[in-house]
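Asks: Protein sequences appear in the order of chains A and B.
FYI, in numbering that gives the first Met the number 0 the residues of the first sequence are 0 to 144.
FYI, in numbering that gives the first Met the number 0 the residues of the second sequence are 0 to 141.
Don't read these hints as lab results, they were simulated from the structure.
Just to be clear, a hint being listed does not mean it is correct.
Derived, one-sided and incomplete: chain B residues facing chain A with beta-carbon distance under 7 Å [said to hold, decoys possible]: (1) Gln2; (2) Ile10; (3) Leu13; (4) Ile14; (5) Ala18; (6) Ala32; (7) Asp41; (8) Ala44; (9) Arg45; (10) Leu58; (11) Ser113.
Across the chosen pairs, the derived CB separations fall in these ranges [what the hints assert, rightly or not]: (12) A:Asn140 with B:Asp3: 41 to 51 Å; (13) A:Trp38 with B:Pro49: 39 to 49 Å; (14) A:Asn140 with B:Leu114: 20 to 30 Å; (15) A:Asp81 with B:Gly42: 15 to 25 Å.
Every residue, glycine too, gets a C-beta built ideally from N, C-alpha and C.
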Amino acid sequence: MLRNLFAALSGGLFGAGLLISGMTDTTKVQGWLDVFGDWDPTLAFVLGGAILPMAIAWRIAARRRTAFLGDTIPAPNTAGPDKNMIIGSVLFGMGWGLAGLCPGPAMASLSFGGWGGMLFLVAMGAGMYIAPKVRQKLDQNSANA
Amino acid sequence: MIQDAWIYGLIGGLIIGSAAALYLLVNGRIMGASGILGGLVDGSARGNAPERIAFVAGLVVVPAFLAALIGNAETNITSNPIVIIAAGLLVGIGTRLANGCTSGHGVCGISRLSLRGIVATVFYLLAGGIVMVLFRHVLGVI
Numbered sequence: 000m001l002r003n004l005f006a007a008l009s010g011g012l013f014g015a016g017l018l019i020s021g022m023t024d025t026t027k028v029q030g031w032l033d034v035f036g037d038w039d040p041t042l043a044f045v046l047g048g049a050i051l052p053m054a055i056a057w058r059i060a061a062r063r064r065t066a067f068l069g070d071t072i073p074a075p076n077t078a079g080p081d082k083n084m085i086i087g088s089v090l091f092g093m094g095w096g097l098a099g100l101c102p103g104p105a106m107a108s109l110s111f112g113g114w115g116g117m118l119f120l121v122a123m124g125a126g127m128y129i130a131p132k133v134r135q136k137l138d139q140n141s142a143n144a
Numbered sequence: 000m001i002q003d004a005w006i007y008g009l010i011g012g013l014i015i016g017s018a019a020a021l022y023l024l025v026n027g028r029i030m031g032a033s034g035i036l037g038g039l040v041d042g043s044a045r046g047n048a049p050e051r052i053a054f055v056a057g058l059v060v061v062p063a064f065l066a067a068l069i070g071n072a073e074t075n076i077t078s079n080p081i082v083i084i085a086a087g088l089l090v091g092i093g094t095r096l097a098n099g100c101t102s103g104h105g106v107c108g109i110s111r112l113s114l115r116g117i118v119a120t121v122f123y124l125l126a127g128g129i130v131m132v133l134f135r136h137v138l139g140v141i
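Could you build all of it, start to finish, from the sequences and the hints given here?
Replies: Structure (structure tokens):
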């Protein structure tokens, strides 16, 4: 119960931050990516602002090893970047540029994003649903190569 | 006006980072929007589905209240359905293949100085920038 309460609280704070920062506005995101157009630096302030408390949190986490509700703090992925991660990031960046939405803001704007926002969310959900099959295909191809 | 946007960006960013800090220190989880939703969509969430649903509920409901309060929230998303569908599919497949998006790799990864987070962020920023040049300035589609 406590876990779910704090999960809802985190989700709510996350959503509030996305709305206040302007990240639910696709023109701000596309404005940041559009370096050769009317460049909008807002996103750098958002990302910088978000990294600050989280950097402190990682320091606290390193000392505690367990979270307040008893779970182990997730260990860093020591494997480093791999092929799927890079292909995935490129595909994600393309979609992010095309519509100006990433997964967090897509959910946070559900109530005011209109049909366009809903269509994006449905398409994103479909993409997430088929992603394990895409991964399987990519892994097969690299195994055969 | 532009300066105002920076200040709101910074304040909103600090709130986003606090949300991620809370999720890490209390629940012991990484606040990655694509991972939380993706695990529900593809069924890999298993035992912790309620926690994920609670997170998504907060993420949808709180901005809905705030948007109703301020009255002028707007995504300004394109009205071209083909662009929207293509973008959504790319974001869905891409974030799951990459195991993270702007929140997981960007906020949580970079703040931990994770090489994966930093490299992923460089690649999605570059891809987004190239798409802007190509589809806005060359093709004029977006």
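Asks: Could you check if arginine 45 of chain B really has its C-beta closer than 7 Å to a C-beta on chain A?
Replies: Status violated, d = 14 Å.
Asks: Using 7 Å as the Cβ threshold, decide whether isoleucine 10 of chain B counts as touching chain A.
Replies: Check passed: Cβ of isoleucine 10 of chain B comes within 6 Å of chain A, closer than 7 Å.
Asks: Verify the interface restraint on alanine 44 of chain B: the C-beta must sit less than 7 Å from at least one C-beta of chain A.
Replies: Violated, about 12 Å.
Asks: For the hint on isoleucine 14 of chain B, just tell me whether its beta-carbon gets within less than 7 Å of chain A.
Replies: With a closest approach of 3 Å, the isoleucine 14 of chain B hint holds.
Asks: Does the beta carbon distance between tryptophan 38 of chain A and proline 49 of chain B stay inside 39 to 49 Å, or does it fall outside?
Replies: With Cβ atoms ~42 Å apart, the hint holds.
Asks: Does aspartate 41 of chain B pass the interface hint, meaning its C-beta sits closer than 7 Å to a C-beta of chain A?
Replies: With a minimum Cβ separation of about 6 Å from chain A (threshold 7 Å), the hint on aspartate 41 of chain B holds.
Asks: Please verify that hint: alanine 32 of chain B, Cβ, nearest Cβ of chain A, below 7 Å or not.
Replies: Hint holds; alanine 32 of chain B Cβ to chain A Cβ min 4 Å, cut 7 Å.
Asks: Taking the closest Cβ pair, is leucine 58 of chain B under 7 Å from chain A?
Replies: holds (4 Å)
Asks: Take a look at whether the Cβ-Cβ distance between aspartate 81 of chain A and glycine 42 of chain B falls inside 15 to 25 Å.
Replies: holds (23 Å)
Asks: For the pair asparagine 140 of chain A and aspartate 3 of chain B, does the Cβ-Cβ distance stay inside 41 to 51 Å?
Replies: holds (49 Å)
Asks: For asparagine 140 of chain A and leucine 114 of chain B, compare the CB-CB distance with the range 20 to 30 Å and indicate the outcome.
Replies: Distance hint for asparagine 140 of chain A, leucine 114 of chain B holds at roughly 25 Å.
Asks: So, alanine 18 of chain B near chain A? Judge it on the closest CB pair being under 7 Å.
Replies: Holds - the Cβ of alanine 18 of chain B comes within 7 Å of chain A, reaching about 4 Å at its closest.
Consistency note: the structure conflicts with the earlier hints numbered 1, 8, 9.
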